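Residue numbers (the working numbering), protein chains in the order written: chain A, 1 to 466; chain B, 1 to 466.
Treat each hint with caution, since some may be false.
Which copy is meant is left open, because identical chains are indistinguishable; a pair holds if it fits in one copy or across any two.
[Unchecked claim] Taking lysine to aspartate or glutamate pairs in the DMTMM-like style, the calculated list, with each CA pair at most 25 Å apart, reads:
1) K219 with E70
2) K219 with E111
3) K283 with E111
4) K442 with D35
5) K163 with E182
6) K283 with E100
7) K163 with D127
8) K163 with E311
9) K344 with D398
10) K338 with D127
11) K219 with D298
12) K344 with D35
13) K344 with D225
14) K450 with D225
15) K450 with E438
16) K338 with D349
17) K450 with E175
18) K163 with D109
19) K450 with E107
20) K163 with D398
21) K219 with E125
22) K442 with E182
23) K219 with E363
24) K338 with D35
25) K283 with E315
26) K283 with E175
Rather than coming from a laboratory, the hints here were simulated on the basis of the structure. Quantities reported herein were computed from a predicted structural model and do not represent experimental measurements.
Number of protein chains: 2
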Amino acid sequence: MTRRVDLNIMDDLAEALTQIVGVDHTYVGNAISDDYAHDEALTATAQMPAAVVQPSTTAEVAALLRLAVELGVAVTARGSGTGLSGACTPTAGGMVVSFERMNTIIEIDEENHVAVVQPGVTLAELDAAVAPHHLIYPVFPGEYGASLGGNVATNAGGMRAVKYGVTRHHVIGLEAVLASGETIRTGGKLVKTSTGYDLTQLLIGSEGTLAFVTEATLKLYPRADFQATVLAPFSSIDAVTTAVPRVVASGVGPLILEYIDMTTMSAMTSHFGFDLGIPADVKDSAFAYLVVMMEGHDAERLEADVARLAEQLTELGAIDVYVLPPPAANALIEGREKAFWLAKANGADDIVDVVVPRAAIPEFMTNVAELAAATSSWIAGCGHAGDGNVHLGIFQPDAEVRERLLHSLFAAGMSLGGAISGEHGLGTEKQRYFLELEDPVKIDLMRRIKTAFDPHGILNPGKIFG
Amino acid sequence: MTRRVDLNIMDDLAEALTQIVGVDHTYVGNAISDDYAHDEALTATAQMPAAVVQPSTTAEVAALLRLAVELGVAVTARGSGTGLSGACTPTAGGMVVSFERMNTIIEIDEENHVAVVQPGVTLAELDAAVAPHHLIYPVFPGEYGASLGGNVATNAGGMRAVKYGVTRHHVIGLEAVLASGETIRTGGKLVKTSTGYDLTQLLIGSEGTLAFVTEATLKLYPRADFQATVLAPFSSIDAVTTAVPRVVASGVGPLILEYIDMTTMSAMTSHFGFDLGIPADVKDSAFAYLVVMMEGHDAERLEADVARLAEQLTELGAIDVYVLPPPAANALIEGREKAFWLAKANGADDIVDVVVPRAAIPEFMTNVAELAAATSSWIAGCGHAGDGNVHLGIFQPDAEVRERLLHSLFAAGMSLGGAISGEHGLGTEKQRYFLELEDPVKIDLMRRIKTAFDPHGILNPGKIFG
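Chain A with its partners taken away, still in its complex shape (with noise of 0.2 Å):
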């Protein structure tokens, strides 16, 4: 529905874009960074697209949408570009509405404990703001320089996900742009609501193809004052993914709860170089770790917690049981949001995060690892046990045989209950999978869906669908 716009159109676009946005927010040919060709997906193609704008206001995002209407471009929403599914690359002769002007810190409401910000405003800036007020927003996805926007296009997840669940659950309001133009509002500081179809939630996770998020409402929380650490070493893969469902079971409410096998963890400790203090009889015979993290308002509850945690991991056959101290738990806490980067920095040829029931992790480490073994590829991977999102680095270098690979993973996640992403999204770069594997009613319902908010299709064609 979309069509690449030629050279006579483009000048039109370069002048009517300066009009709405100023010439120095709008870059077209080569003025355009490269920058804005790709996110941070392995296996992207980047795109250059024909335009660049930097919106200040939500009128000026309206007036770039009824523009891009108007002219049969598409446009395509960019925060902190951090994304890992090609979510944010643009399309050939397309437009990309860059969101990182819009990064004011509108409102943090005290009272409500909610806090109101624009798309271009990151979890850093967020978390330095509401920080003095003793709150927290709780959704850490590894990345603090990504943006409250992207967070909310992607549903974006993170360790804390075990106890806080992900950006689906802290966000209670949007404005929006739709493809018209118009603008929308949709719940508010509520914490409930039953007054017509969440539009709230639709959006949510709609990888910019539905509206263009313009403003969030996000559920803020009291800060816990204090935080433990601890890392169980295991024998297997298999014994510490069969300990989780058993330590969330027992009600002790871990904040994090993950797990890292033997050639992610040596890999992580050599490559950010820190040392977890581990003897080394018990490295040699550990084959994956468990970390747990633990915080709470009382310093001595908090302790009762972790000693009930420990003797709990003992039983569950953890070969040692680690409180680390603060630097130790800093280094690896670190290290493990970083996990992208080291399997980039290794040579990984794609990451994926596959999410099952928590139950089904050991199964599913089983398939993963007879389809490794079926394709001579390498897998290895640390994940948020706690709530069954399994991070992958593949190691396979050949295109056609990865494809083949990752079908069948994500095949076997999804025979397990599972889907192909938990937190990264399809983008450009799953959404084949997708559209292979998902039961094609519900893709064409998801169409309609689609239809419904963006009949141009003007709204980041190309990514989910295709």
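Given the coordinates of chain A, work out where chain B should sit on it, guided by the hints.
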């Protein structure tokens, strides 16, 4: 888009329905019980349907919807009929699909903390089934006879929402039949996913207008062993509603946080015949009450938390603070749950459940008092103060005056950033205000979504959109 069926079609319909669900589960004409003509909404006009069917399988539901499209007959899903907005009121000449026979608890999965249920299962049945596993499904909208299917359709809330959230936060997967007769499965035993649009969330709260839910996957939580209930009388409504955000901010994490005005409290104790043991002089100076229920897995910690809460309530101006003995606590909570029946028994003409930002309750209550005075109406209430959801009994027999009053009352809530309904829904009874007060751009968008699901308009016509 739907049309009244004539008598010949009626015969065909009855015959066709019998072939799908059997003669024992097909009711037409005088064989239909009056119960199917209404829910519990005070203002709704009962409407007999042309037929009632009780399917026992998803395949039967699918066949019924295919038939409905073929014959152009409106179809309304019905759970236990305990709704308060007329959302399951039949359409004249239409068919009711009643889910009472689809009442199997399919699975209680202890490892993933999940229950899978058919829509006709009641909250009481589910609670009885999960309790032996020391688990809980935490949504309690106050009516234990309500069905899970109805809870999903209205995004039911209830008193525990301040701690646990509402239905939307605990339903992680659905099976649903589309108007086309096609069956889809959404989500799963997954706490996160970023794989296409979230159809689960879109169906929740859609009041049976988008698809018929035939199975729901629900999150369960470790059941707390200890509970404590605190009652604090205050000398004004303003004092009590001002205290609410402070209690939430303290991080004490209440399970229940309700305000009850003096009228409602007095009616409640006399109607249900219980005595909370509050001295007469305190009663005389109490204009509103705050009820705080706490729960915990550890008795000592709970006791310490209750002591801290009591201290805080005193600082916030409570006349006194009572930790209620279990029988009095149970009587009070049960009385609060039955506040709707109390209002009905006392002759309330309508019930509303406006939701506003938590901190806006004092201002909203001032508006309510002014609107009551201006229209010579009497308004009594209580509410889920912790989440801004105010339940008001409206005593104004003149329908025209009442309609004006409600319009103003909803407008006041919305201008404070609120919504018409926090948990009852729009159904037939609140939709006129929705259509009058909501942004027409959003209503049009919702209509287009409706059409994407139900192009022939057979699913519960006349609800939400009029």
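Tested hints:
no., hint, in the structure
1, K219 with E70, "neither (37 Å within a copy, 46 Å between copies)"
2, K219 with E111, "within (11 Å within a copy, 29 Å between copies)"
3, K283 with E111, "neither (49 Å within a copy, 29 Å between copies)"
4, K442 with D35, "neither (34 Å within a copy, 35 Å between copies)"
5, K163 with E182, "neither (37 Å within a copy, 36 Å between copies)"
6, K283 with E100, "neither (45 Å within a copy, 57 Å between copies)"
7, K163 with D127, "both (18 Å within a copy, 23 Å between copies)"
8, K163 with E311, "within (21 Å within a copy, 29 Å between copies)"
9, K344 with D398, "within (16 Å within a copy, 71 Å between copies)"
10, K338 with D127, "within (19 Å within a copy, 42 Å between copies)"
11, K219 with D298, "within (22 Å within a copy, 28 Å between copies)"
12, K344 with D35, "within (18 Å within a copy, 64 Å between copies)"
13, K344 with D225, "neither (34 Å within a copy, 47 Å between copies)"
14, K450 with D225, "neither (44 Å within a copy, 47 Å between copies)"
15, K450 with E438, "both (17 Å within a copy, 22 Å between copies)"
16, K338 with D349, "within (16 Å within a copy, 60 Å between copies)"
17, K450 with E175, "both (18 Å within a copy, 21 Å between copies)"
18, K163 with D109, "both (23 Å within a copy, 19 Å between copies)"
19, K450 with E107, "neither (32 Å within a copy, 34 Å between copies)"
20, K163 with D398, "neither (39 Å within a copy, 50 Å between copies)"
21, K219 with E125, "within (16 Å within a copy, 33 Å between copies)"
22, K442 with E182, "between (27 Å within a copy, 10 Å between copies)"
23, K219 with E363, "between (36 Å within a copy, 21 Å between copies)"
24, K338 with D35, "within (20 Å within a copy, 60 Å between copies)"
25, K283 with E315, "within (19 Å within a copy, 54 Å between copies)"
26, K283 with E175, "neither (51 Å within a copy, 46 Å between copies)"
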